[in-house]
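J.: Chains as they are written, first to last, in my numbering: chain A, 1 to 499; chain B, 500 to 1032.
Hints may contain errors.
[Claimed, not checked] A few chain B residues that face chain A, going by a derived Cβ cut-off under 7 Å, partial list only: (1) Phe571; (2) Val574; (3) Gly656; (4) Gly660; (5) Arg664; (6) Asn668; (7) Leu675.
The hints are simulated quantities; they were obtained by calculation from the structure and are not laboratory data. Values in this document were obtained by computation on a predicted structure and should not be read as measured data. Here a beta-carbon is modelled for each residue, glycine too, at the ideal position from N, C-alpha and C.
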Amino acid sequence: MSLTPSQWAALLPLLLPALGACLIPLMALDKDQATAKWIRGVMYGTALLAVAASFWYLTDLWKTGAQPSFFQLRMDRLAQFSGIFVVVAAALTILQSWDHFHQEGWVKGETLSLLLFSATGMMLFTASTHFVTLFLGLELFSIPLYALVGTVRARPESAEGGMKYFLTGAVASSCFLMGGVLIYGLSGTLDLSAAAGVLKAQGLALDPLALTGAALLLLGFLFKVSAVPFHQWTPDAYEASPHPIAGFMSVATKGVAFIALLRIFPSSLAPLTAVGAKMQAVVAVLAVATLVLGNLTALVQSNVKRMLAYSSISHAGYLMLGFVAGTPAAHTGVLFYLVIYLAMNMGAFGLLTAFGLVGEKTTFEDLRGLGWKRPAMGFAAAVFMLSLAGIPPMGGFYGKYMIFRELVATGHVGMAVLGVLASLVSAYYYLRFLVALFLQAPSAEAERLASDRPAVHAPLAGATVLVCAAIVLAGGFLQFALVDGFAKRALVEGLGLIR
Amino acid sequence: MTWLNLHPLTFLVFAPALLGLLLMALPHALGKLARMLGFLGALAIFILSLSWLLGRTPNAGGLILAERASWFTLVGLPVDYALAVDGLNLWLVILTTFLVPLTMLGTWNSLKDRIGTFVAMFLLLETGMLGALVAQDLFVFYLFWEAMLIPMYFMIGVWGGDERRYAANKFFLYTLSGSLLWLVALLYLANKAGGFNPALMAQAASALPFGVQGWLFIAFAVAFAIKVPLFPLHTWLPDAHVQAPTAGSVILAGVLLKLGGYGFIRFAIPMFPQAAMHYAQPIALLSVIAIVYGALVAMVQRDIKKLVAYSSVSHMGFVMLGLASMTVIGTQGAMLQMLNHGISTGALFLLVGMLYDRAHTRMIADFGGVAVKMPIFTAFFLIVTLSSIGLPLTNGFVGEFWILNGTFVSGFGWGRLYACLATSGVLLGAVYMLWMFMRVFWGPENKDEDSGTHHLHTDLNAREIAVMLPLVVLIVWMGVHPKTFIAASEAPVTALLQDIKAPAPRTFVLKPAVHEAPAAHAPEAPAAHEVHR
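So that you can see chain B by itself, here it is in the shape it has in the complex:
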């Protein structure tokens, strides 16, 4: 157990991939066994992540769990194998480990072919996401960020809809284009800093002329904005979402998009504070456009899944707006909104998947009167819809309220106008979601032989209810008591924003973790101490 005590994060990150590789080696005939093993493994990872990460007091440097060892030095640049969980990524890590087993359970019978390989890809993807979330060295972050593309590419491309090849290629190349240019910026900065430690890189960046800082920030921001996705870099998203199998859509919306926002708050903003302040206004403008545009486009969609995909563009616009406000409340709102969106949109994609599995269509016009045939399903869909709209007492309300509040008080010239425009996005959200809900669930039952409603014979079964219940509980919990999920990030966010807005000299929120004192801990616990090899 000693190895595990010293390397809890390594275990959390790589255990899914190892399991995935094992499952890949199983023969096709054992697909169902692989699915069961994969689910149990993912569930175990979730339980372990909860027990290891929650209820632990962060150390003086704010780290909950950390590992650090020097990995290699190539071409004169040292790369540290540095992983850490702190207030910024704690809940995103848990969201990831939570959504993976839940999605596997929720899409248990959706796929018929090559189940084992699909589960393996899913687990490899989990490793990629967790690795990117906990990486504290930009090279390691880059590795996970890129490696994540591979399993997602296959998930869309092999198990997707009719246009899957186009969507998978577009997803892969679009994301790659951003990250390759970002790599050049990364190399440029690493060259100045003598390594990939974010703190040293931030220090090196602050010594560069402002123009160069601006270009570097743009390279970082574009890579992350493609992932978010921020208007006008969002065009890959509707294709990928619609073509991906349900599980792929859930994870794409639930976690992958979050990594873009997380990249801003973890790296782009703290490393280039001046440039971030300088470009906050254009980013806020694009976010507002994303909010309104995404909502307007969602309104005219005929395909429920596509509607949810465009609603993602709109919701992630809120996240970016909160980050761009450069206020504590706005940024905290963005942190919460990322979790909200993961839960609500994940739930929406799961529900749409359940509907599709029964009716084999997702066209709004094919439905009508579903409430009569599937009352339990309708109840869940309604709750999730309301959460997505941002009804008070559901999670969506708190995040959007804080973001709008933060934007209103942000102090940049057009902040109040942006807040007003973004508020119209909330209204439009209610319009497209409720209108869709009305057409699908209410009204007279669609008796047409070819209609979707006609093919609905069974309501949700126990497994599907078991999947939806925790999501609904979270929706309410996050709406009533968001502090549970947002308390951890308060200290780091406040420190970061103070640091950015303070007049020189900067103190660098990103401290090299090497010098930090370990927290008090019981020796046998998987503790928050640095590992030196």
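Just chain A, same shape as in the assembly:
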């Protein structure tokens, strides 16, 4: 079978990371990899090259405006958006993990390989409306992540977190599969947009089985974005994971799940308006629960990673509010929010590496006074935390602004009030981060330990943190460029949703 250039064009962005993922284990065969620094360098270089090539290729596609496809796989604007989102997250993760794994003393090639496979799966997941490719993508990105959570095998709690994530994730995947099966059984087609047309034509839109199918599909997505009540895995998995992997999970998993949700529910299943309305009501209820529970639980965390986990749950709540509003402008807001969220969360997790916090030593106590010791990192931390709290002039404010504005415009004033109150609560725990960094002196114990330890050396993680801070600030001052040039075009030209 020979492929046309257009088909190659659609496949290449996925194939490049997959190729890198296949090459890296060959290099990891060397038994002495722990000592051979150059081999580690080559492995990381290969991984970076794979994502950079994919990134270069995707931006080239974006510039030309081409939207190639390979059968059911559509590398349209939305998929390109998602692809760029994923490879940027992957590149930041790779750079941060070089420093983090050296700090932990656990540098293994398979980590990179798994990460690249996961990135490939994520791109596949958001590029398809065909149920089989969709499910394939879901599993391809999820299974490597289960392993990545438990990747530092020297730490028992790491394996525990990985196992917990795997078991709950498997249940969610089976629900997702069952949902697809039900819709297939009723409609006789695996392509979801075709299935929606068939169901509508046959008057089966409100058939209990079709509703159950749609609900089970939705459950799969909501699990991946860690919406309440499917959020239980999140804090444990993040706490168990290496910091960069936790960052990658919090950003990329949530991001692609929302982008795929955008492709499936408001777009592919659009003919089933009644189902859409019912699902929207479910999302509304769960969004409220997510906001309330995520924010209130985050208040009482003493571990920064758990705080960031609950914070990421609460951000899922804000993003879900975008779906509650359900207008194209709100969906644009969701995409913009995701871009900023990528930068602020990868940055926040990158800070932990940049500050050299390893293992379980990631409590607020461990952060005390670090902002003054590392002023550039401190500045970036202030940018991330204020942005996460939604304080202008940071980018995070505009994401919330767009979503709240659409909520108010569609008559959900009560939801908007709840959303801003949730923001108020969240400001407290984000300030705690800054309180520890700037407002508290390090304890005498920490000072003594710090003088014994060698100075933290994490140049790559530090660089990623600065890049992320620059993106967040750009989101605050050039928000219109990001929205019009990037988020809106992904929706309008990718999904054909018209503003």
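We have chain A; now place chain B onto it with these hints.
T.: What follows is chain B alone, placed relative to chain A:
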């Protein structure tokens, strides 16, 4: 120079922040250099603001300087980058640019650690305050209003007293709670008006049912009242004031609180005139409570700084009472009282800071007989105290007199009673200030080894006198010839109140500035014309 001629306000607003960011990048070791650069920069901004803003005739729309360009359109709502100085904010802008360098000079040696970062925060704060004062688009106003919290948070939290973390968090979250709910109201109204132009929003608001207008007004009013702060939303203030370093207290009292009152007169009242009239009486009641309650609480304080903080609650109650009177004289009195309070309370905080730097205590009981040891300091403190009390011929008298006058003739049912009750606040003000003054400065010298007086070795030096002199001159000038400072706001205030009280149809004082003709001006001057991009 052409860019500067076209964008004088942009320069005034953002130059401090740019300088601040530069100073932040300087290494810690160069803190003293940063302090000097920051002071010179702030001084230059003050001189520029004077030369650009004073002596300029407003154009037909009442604008002294203005800039307008469309900034962006997000989710269908256009946001205009619109800045303007007119009669309402002219003197508040100058007060801000005046107090910043003065405070830097007045607290020159108060801080030892991380001076450069502190000065940077101070300059960032100046940008936030100036931006909020000159913003003519509600979205831009909101941005500056919120952004202002960040540097103030760090100023209290990093350089404050023992309870600084609690005070900083309380300040931040308290203010944020008001402004977030206000944001929802803002979005609701912007949605009806199709943008954030205050004139269009006012028009849209007048078309809404009265109940909705009332709710929107309340959302606006609560956000502003927290900043003022109006009883019972004042509880963050004593903590923030007492814990903040001297410079933070001065700016907090001098400018930040004014922004609350300014928000009422600039946005809340003109945009919802009916609702404002409807709620004027409850607001007046709360103001009277604030005046009396603040004074009574101030009376029993043991800490001088806390006493001054509660006196702020009382004085800002006068401002709110004047605004609520909905009369020209009362509102003008409120405008003047805002400036008065900025000068007098700013001066009081500076003086308390000077005392604290020497004695390392602020407890009234630790002092006694300070007049013997620091005669010059005592003289300045006395003048400022009298101004704070409202002695005739000082600034405090004129403002309070006009406000009480306005309340008396306001015409709402209990106006006269409120005026009488508020007058008792003036009396109580004399009681708590003079009683404190007596205990601290007079009487036999406190010879106790641990006492504050014992640690006072030097009177004010030349730098400190140079800081206090301009303040004293202003106190007298504003008391003798308040017209200098109040003439500019007369026309806009009169127009606003006529507009509110006139029977329908309203003419909307807030005109979209786009349509206004530029004033006559020399082409090379940084002129009062609109910039269209």
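J.: Next step is simple, just say for each hint if it's right about the structure.
T.: Results for each hint:
no.: 1; hint: Phe571; in the structure: holds, 3 Å
no.: 2; hint: Val574; in the structure: holds, 4 Å
no.: 3; hint: Gly656; in the structure: holds, 5 Å
no.: 4; hint: Gly660; in the structure: violated, 12 Å
no.: 5; hint: Arg664; in the structure: holds, 5 Å
no.: 6; hint: Asn668; in the structure: holds, 6 Å
no.: 7; hint: Leu675; in the structure: holds, 6 Å
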